[in-house]
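K.L.:
The primary structure of each chain is shown beneath.
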Amino acid sequence: MRLELGKIKIRDVAFGSQTKVEAGTLYVNKDELAALVLEDPTIKSCTVHLAKPGQEVRIIPVKDVIEPRCKVSGPGGIFPGFVSKVDTVGSGRTHVLSGAAVVTTGKIVGFQEGIIDMTGPGADYTPFSKTCNVVLDMDPVDGLGKREHEKAVRLAGLKAAVYLGEAGKDVEPDEIETYDQGSFLETAAKYPDLPKVVYIYMLQSQGLLHDTWVYGIDAKRTLPSIIHPNELFDGAIVSGNCVSACDKNTTFHHLNNPVVKQLFKHHGQDICFLGVVITNENVTLQDKERSSSYASKLAKMLGADAAIVSEEGFGNPDADLIMNCNKLESYGIKTVLLTDEYAGRDGASQSLADISPKADAVVSAGNANEIIQLPPMKTVIGDLAVADIIAGGFDGSKAADGSLTVELQVITGATNELGYSNLRGIGF
Amino acid sequence: MAEKKFRVVHYLNQFFAQIGGEEKANIPPESRAEVVGPGLGLKAALGQEAEIVGTVICGDSYFGENMEAASAEVLNLIKEFEPDLVIAGPAFNAGRYGAACGAVCAAVQRELNLPAVTAMYPENPGTDIYKKEVYILPTGGSAASMRKVLPKLAAFALKLARGEAIGDPAEEGYIARGIRKNIMTHKPGAERAMEMLLAKIKGQPFTTELPMPAFDRVAPNPPVKDMAQATIALVTSGGIVAKGNPDHIEASSASKFGKYSLAGLDNMTSETHETAHGGYDPTYANDDPDRVVPLDVMRDLEREGKIGKVFEYFYATVGNGTSVANAAKFGAEIAKELKEGGVTAVILTST
Numbered sequence: 001m002r003l004e005l006g007k008i009k010i011r012d013v014a015f016g017s018q019t020k021v022e023a024g025t026l027y028v029n030k031d032e033l034a035a036l037v038l039e040d041p042t043i044k045s046c047t048v049h050l051a052k053p054g055q056e057v058r059i060i061p062v063k064d065v066i067e068p069r070c071k072v073s074g075p076g077g078i079f080p081g082f083v084s085k086v087d088t089v090g091s092g093r094t095h096v097l098s099g100a101a102v103v104t105t106g107k108i109v110g111f112q113e114g115i116i117d118m119t120g121p122g123a124d125y126t127p128f129s130k131t132c133n134v135v136l137d138m139d140p141v142d143g144l145g146k147r148e149h150e151k152a153v154r155l156a157g158l159k160a161a162v163y164l165g166e167a168g169k170d171v172e173p174d175e176i177e178t179y180d181q182g183s184f185l186e187t188a189a190k191y192p193d194l195p196k197v198v199y200i201y202m203l204q205s206q207g208l209l210h211d212t213w214v215y216g217i218d219a220k221r222t223l224p225s226i227i228h229p230n231e232l233f234d235g236a237i238v239s240g241n242c243v244s245a246c247d248k249n250t251t252f253h254h255l256n257n258p259v260v261k262q263l264f265k266h267h268g269q270d271i272c273f274l275g276v277v278i279t280n281e282n283v284t285l286q287d288k289e290r291s292s293s294y295a296s297k298l299a300k301m302l303g304a305d306a307a308i309v310s311e312e313g314f315g316n317p318d319a320d321l322i323m324n325c326n327k328l329e330s331y332g333i334k335t336v337l338l339t340d341e342y343a344g345r346d347g348a349s350q351s352l353a354d355i356s357p358k359a360d361a362v363v364s365a366g367n368a369n370e371i372i373q374l375p376p377m378k379t380v381i382g383d384l385a386v387a388d389i390i391a392g393g394f395d396g397s398k399a400a401d402g403s404l405t406v407e408l409q410v411i412t413g414a415t416n417e418l419g420y421s422n423l424r425g426i427g428f
Numbered sequence: 001m002a003e004k005k006f007r008v009v010h011y012l013n014q015f016f017a018q019i020g021g022e023e024k025a026n027i028p029p030e031s032r033a034e035v036v037g038p039g040l041g042l043k044a045a046l047g048q049e050a051e052i053v054g055t056v057i058c059g060d061s062y063f064g065e066n067m068e069a070a071s072a073e074v075l076n077l078i079k080e081f082e083p084d085l086v087i088a089g090p091a092f093n094a095g096r097y098g099a100a101c102g103a104v105c106a107a108v109q110r111e112l113n114l115p116a117v118t119a120m121y122p123e124n125p126g127t128d129i130y131k132k133e134v135y136i137l138p139t140g141g142s143a144a145s146m147r148k149v150l151p152k153l154a155a156f157a158l159k160l161a162r163g164e165a166i167g168d169p170a171e172e173g174y175i176a177r178g179i180r181k182n183i184m185t186h187k188p189g190a191e192r193a194m195e196m197l198l199a200k201i202k203g204q205p206f207t208t209e210l211p212m213p214a215f216d217r218v219a220p221n222p223p224v225k226d227m228a229q230a231t232i233a234l235v236t237s238g239g240i241v242a243k244g245n246p247d248h249i250e251a252s253s254a255s256k257f258g259k260y261s262l263a264g265l266d267n268m269t270s271e272t273h274e275t276a277h278g279g280y281d282p283t284y285a286n287d288d289p290d291r292v293v294p295l296d297v298m299r300d301l302e303r304e305g306k307i308g309k310v311f312e313y314f315y316a317t318v319g320n321g322t323s324v325a326n327a328a329k330f331g332a333e334i335a336k337e338l339k340e341g342g343v344t345a346v347i348l349t350s351t
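Keeping their order, the protein sequence lines are chains A and B. For the first sequence, position 261 (counting from the first letter as 1) is numbered 261 according to this note's numbering, and the numbering increases by one without interruption. For the second sequence, position 241 (counting from the first letter as 1) is numbered 241 according to this note's numbering, and the numbering increases by one without interruption.
It is possible that some hints are incorrect.
With a straight-line cut-off of 25 Å between C-alpha atoms, the simulated SDA-like cross-links for lysine to any residue are [what the hints assert, rightly or not]:
#1 B:131 / A:297
#2 A:261 / B:206
#3 A:85 / A:74
#4 A:358 / A:332
#5 A:130 / A:192
#6 A:300 / B:198
#7 A:265 / B:7
#8 B:243 / B:348
#9 B:152 / A:176
#10 A:297 / B:7
#11 B:43 / B:148
#12 B:132 / A:427
#13 B:202 / A:348
#14 B:256 / A:265
#15 B:200 / A:187
#16 A:261 / A:348
#17 B:159 / A:130
#18 A:300 / B:281
#19 A:265 / B:69
#20 A:130 / B:148
The calculated label-pair distances, taken between Cβ atoms and stated as ranges, are [what the hints assert, rightly or not]:
#21 A:12 / B:151: 31 to 41 Å
#22 B:224 / A:186: 53 to 63 Å
#23 A:316 / B:21: 25 to 35 Å
#24 A:184 / B:151: 22 to 32 Å
#25 B:21 / A:399: 33 to 43 Å
If you want the footprint, here are the derived chain A segments under chain B, 3+ residues with CB under 8 Å [what the hints assert, rightly or not]:
#26 130-142
#27 184-190
#28 341-349
#29 418-428
Rather than coming from a laboratory, the hints here were simulated on the basis of the structure. Cβ atoms here follow ideal geometry from the backbone N, Cα and C, with glycine treated the same way.
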């Protein structure tokens with residue numbers, strides 16, 4: 001399977017009469033975009049905002065971040081199972097508006113969505129302070145249930161990203177990345193002397209605002225399975241969660257999985273990247289046992305010598321992480337774990353809810369409990385009042401001047417466990 | 001910078017101050033406006049940038065038995081020298097001295113708001129108690145390592161005095177405090193994971209970013225074959241003690257356990273027992289201590305012949321912020337006594 005990923009660098013975003021990309025600027029017809037979102041009868045209102053790097057803007061509560069993409073050639077379309085039909089994606093050519101993002105916000109669904117600051121200390125912790133953001137501020141119709149509300153805003157974000165992505169269809173990309181990987185047998189035969197590496201991609205699946213979707217199916221209703229890495233680039237995996245936003249993979253993260261990028265980079269050099277096993281993080285012990293057994297078995301069947309495992313979330317999924325680690329290691333598969341920590345505000349508590357002596361190679365994306373001060377911003381998109389109740393916030397988080405004292409976990413992507421960012425936890 | 005030397009006070013016990021051994025361990029705090037014992041080596045290592053302006057000395061037993069008062073007295077003596085920095089020890093593997101060095105440094109930081117540092121053997125009990133709040137440099141088990149550690153201690157102390165940022169333990173050479181912090185690196189986590197994986201595959205050394213805590217998983221014993229003949233003991237970390245807490249077990253971070261007779265007792269009441277535990281609402285435990293240590297039902301089982309008998313003592317400590325090291329020590333001592341007492345099985349209750 002061969003995919004060309006054409007990256008169109010977006011350096012600015014502006015409203016315009018026509019949605020288009022011109023000389024690195026994404027112009028957005030906001031009425032057309034809002035009308036598209038409002039096709040959904042469960043969404044009452046939609047206001048389109050722009051938030052650019054360096055602006056004094058705070059977006060709260062953030063539900064998802066999505067990168068605009070479009071399919072130029074090859075089967076299927078972006079976000080199969082949602083915006084497109086469920087044809088297999090991952091081959092042909094896809095264009096990316098690199099540097100642009102759709103951010104969904106509006107009335108809170110649960111208690112636990114994120115914050116993006118476009119400048120100031122908070123901006124250092126989120127990758128989305130560096131993107132030109134098209135922000136959809138949406139409210140649901142009165143009386144809409146939480147599940148329907150979450151679904152409506154999730155779909156709106158995906159539709160908007162595809163709508164904007166289409167503007168790049170006929171634009172010559174600044175850069176083309178090619179990802180080519182054949183069958184397991186071909187791949188293994190090509191590099192017989194290199195260690196075979198499999199990526200175990202854990203998908204959050206604990207329930208409302210804790211869900212992930214694969215080709216439109218809820219990951220908690222799936223057995224672990226194998227996915228071609230190229231499928232991720234076309235949006236085969238979609239985020240349905242934003243609880244404790246620091247360590248949840250937004251759809252943007254799934255589209256730009258940095259572990260997959262690393263494995264491709266080293267493929268044929270010092271490793272042979274065999275493939276990706278997706279598994280879930282369900283809440284019952286039986287589910288955890290089954291999924292970890294199944295995922296590690298798949299890695300074994302593929303002939304993996306080594307594996308990288310990325311967690312999504314914390315606490316309960318720590319049990320899944322450690323089960324995966326133990327089972328992979330007992331098959332003799334050398335394993336590295338990617339996680340983050342909840343070591344308390346003082347950093348003195350045990351970081352993970354479960355541990356194992358086999359977990360001897362762990363990368364930490366940081367302590368999500370660490371306190372951070374966020375100064376007031378001139379503009380708030382969304383609803384600042386929720387700062388006291390979102391995860392990582394607490395009673396009194398919001399000062400009268402609009403500044404916030406919060407745990408790092410409120411910041412979207414701050415301790416992302418795909419290892420997207422540079423933050424790390426360290427022992428002192 | 002070098003115009004004004006940092007003023008250093010050095011803390012020593014009676015032994016290293018060359019006053020005497022165990023027979024002098026009960027001497028109260030005293031101070032001298034001079035360099036004493038290991039202070040000579042320390043002075044040399046500190047060089048031109050700092051000067052030891054005084055030495056404060058206290059007997060280890062005196063300090064250990066009067067922690068609060070001794071600590072206050074020591075602090076007062078330290079304060080009189082108007083120091084910029086306090087160095088305690090090194091204490092090597094002397095347990096009470098290590099604890100005193102840790103306590104003095106912690107108090108100096110807390111009360112005088114001054115930097116402080118000590119050094120001791122990693123297995124010195126003082127390490128476990130104070131490493132979270134105090135920088136402790138590792139030493140060998142005996143004073144034979146004095147010459148090696150003093151330059152390191154001096155260099156680290158000067159860094160503290162200058163107000164320089166202290167890096168991670170691997171880089172700075174202090175004993176890891178177990179405090180997790182965030183730092184911004186130059187490499188995303190995925191790249192660090194890839195590098196770690198490559199090293200692990202090749203069998204090359206790598207350093208995990210999150211060391212796992214110590215593991216001590218105990219495999220359960222086989223079931224008791226004949227309960228009707230078994231002697232069952234009750235042990236709790238729920239803090240149930242004889243009324244009045246005669247052993248003064250701490251409400252948190254217990255340093256000891258208690259042993260209490262059950263002879264002639266059919267159950268525990270608010271008249272006979274109470275909880276010393278500071279980590280939960282004690283109302284229900286104090287109303288009826290059987291809720292934590294189920295003596296009442298054990299006596300029923302004894303009468304019904306379902307168990308042989310209840311062991312004549314129960315053991316208790318407070319499992320509230322108690323260090324794993326202390327808990328393991330209590331466990332080993334209690335197990336030894338139970339074994340000698342012919343106990344078949346134990347019921348452990350928490351809270």
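K.L.:
If a hint holds in the structure, say so; if it doesn't, say that too.
P.N.:
To see whether the hints hold, each was checked on the structure:
At most 25 Å may separate the alpha-carbon atoms for a hinted pair to count; residue 131 (chain B) and residue 297 (chain A) exceed this at roughly 42 Å. Restraint check for residue 261 (chain A) and residue 206 (chain B): satisfied, since their Cα atoms lie roughly 22 Å apart, inside the 25 Å limit. Between residue 85 (chain A) and residue 74 (chain A) the CA atoms are separated by roughly 13 Å; this keeps the pair inside 25 Å, and the hint holds. Only pairs whose Cα atoms come within 25 Å are accepted, and residue 358 (chain A) paired with residue 332 (chain A) is accepted, the gap being roughly 11 Å.
With a C-alpha separation of about 41 Å, the suggested pair residue 130 (chain A) and residue 192 (chain A) falls outside the 25 Å cut-off, and the hint is violated. Note on residue 300 (chain A) and residue 198 (chain B): the hinted pairing holds, with a Cα-Cα distance of about 19 Å set against a maximum of 25 Å. For the hint pairing residue 265 (chain A) with residue 7 (chain B), the CA-to-CA distance comes to about 55 Å; that exceeds 25 Å, so the pair is violated. Proximity of residue 243 (chain B) to residue 348 (chain B) is assessed by CA-CA distance (about 21 Å); at most 25 Å being required, the pair is judged to hold.
About 54 Å separates the Cα atoms of residue 152 (chain B) and residue 176 (chain A), which puts this hinted pair outside 25 Å; it is violated. The hinted pair formed by residue 297 (chain A) and residue 7 (chain B) fails the criterion: a straight-line CA distance of about 64 Å is larger than 25 Å. A distance of roughly 14 Å separates the Cα atoms of residue 43 (chain B) and residue 148 (chain B); the hinted pair therefore holds under the 25 Å criterion. With a CA separation close to 11 Å, the supplied pair residue 132 (chain B) and residue 427 (chain A) stays within the 25 Å bound.
Taken as a hint, the residue 202 (chain B) and residue 348 (chain A) pair is broken in the structure, with Cα atoms around 33 Å apart against an allowance of 25 Å. Note on residue 256 (chain B) and residue 265 (chain A): the hinted pairing is violated, with a Cα-Cα distance of about 56 Å set against a maximum of 25 Å. Restraint check: the Cα-Cα separation between residue 200 (chain B) and residue 187 (chain A) comes to about 22 Å, which is no more than 25 Å; the hinted pair holds. For a cut-off of 25 Å, the pair hint linking residue 261 (chain A) to residue 348 (chain A) is broken: about 34 Å separates their Cα positions.
Between residue 159 (chain B) and residue 130 (chain A), the direct Cα distance comes to roughly 37 Å. Violation of the 25 Å bound is thereby established for this hinted pair. Distance check on the hinted pair: residue 300 (chain A) and residue 281 (chain B) sit about 50 Å apart at the alpha-carbon level, beyond 25 Å; violated. The suggested pairing of residue 265 (chain A) with residue 69 (chain B) is violated, with an alpha-carbon distance near 64 Å, which exceeds 25 Å. For the suggested pair residue 130 (chain A) and residue 148 (chain B), the alpha carbons sit about 50 Å apart, so the restraint of at most 25 Å is broken.
Taken as a hint, the range 31 to 41 Å is violated for the pair residue 12 (chain A) and residue 151 (chain B), whose Cβ atoms sit roughly 57 Å apart. Here the CB-CB span from residue 224 (chain B) to residue 186 (chain A) is close to 60 Å, well matched to the stated 53 to 63 Å. In this structure the hint that residue 316 (chain A) and residue 21 (chain B) lie 25 to 35 Å apart at CB is violated, the actual value being about 55 Å. Checked against the given bound of 22 to 32 Å, the beta carbons of residue 184 (chain A) and residue 151 (chain B), roughly 57 Å apart, lie outside it.
For residue 21 (chain B) and residue 399 (chain A), the Cβ-Cβ distance of about 59 Å falls outside the hinted range of 33 to 43 Å, so the restraint is violated. As drawn, the region 130-142 of chain A meets chain B at 0 residues by the rule of a beta-carbon pair under 8 Å; below three, the given contact is violated. Restraint check on the region 184-190 of chain A versus chain B: 0 residues with Cβ-Cβ distances below 8 Å, three needed, restraint violated. As drawn, the region 341-349 of chain A meets chain B at 5 residues by the rule of a beta-carbon pair under 8 Å; at three or more, the given contact holds.
Evaluation of the coverage hint for the region 418-428 of chain A: fulfilled, as 11 residues show C-beta separations to chain B shorter than 8 Å, against a requirement of three.
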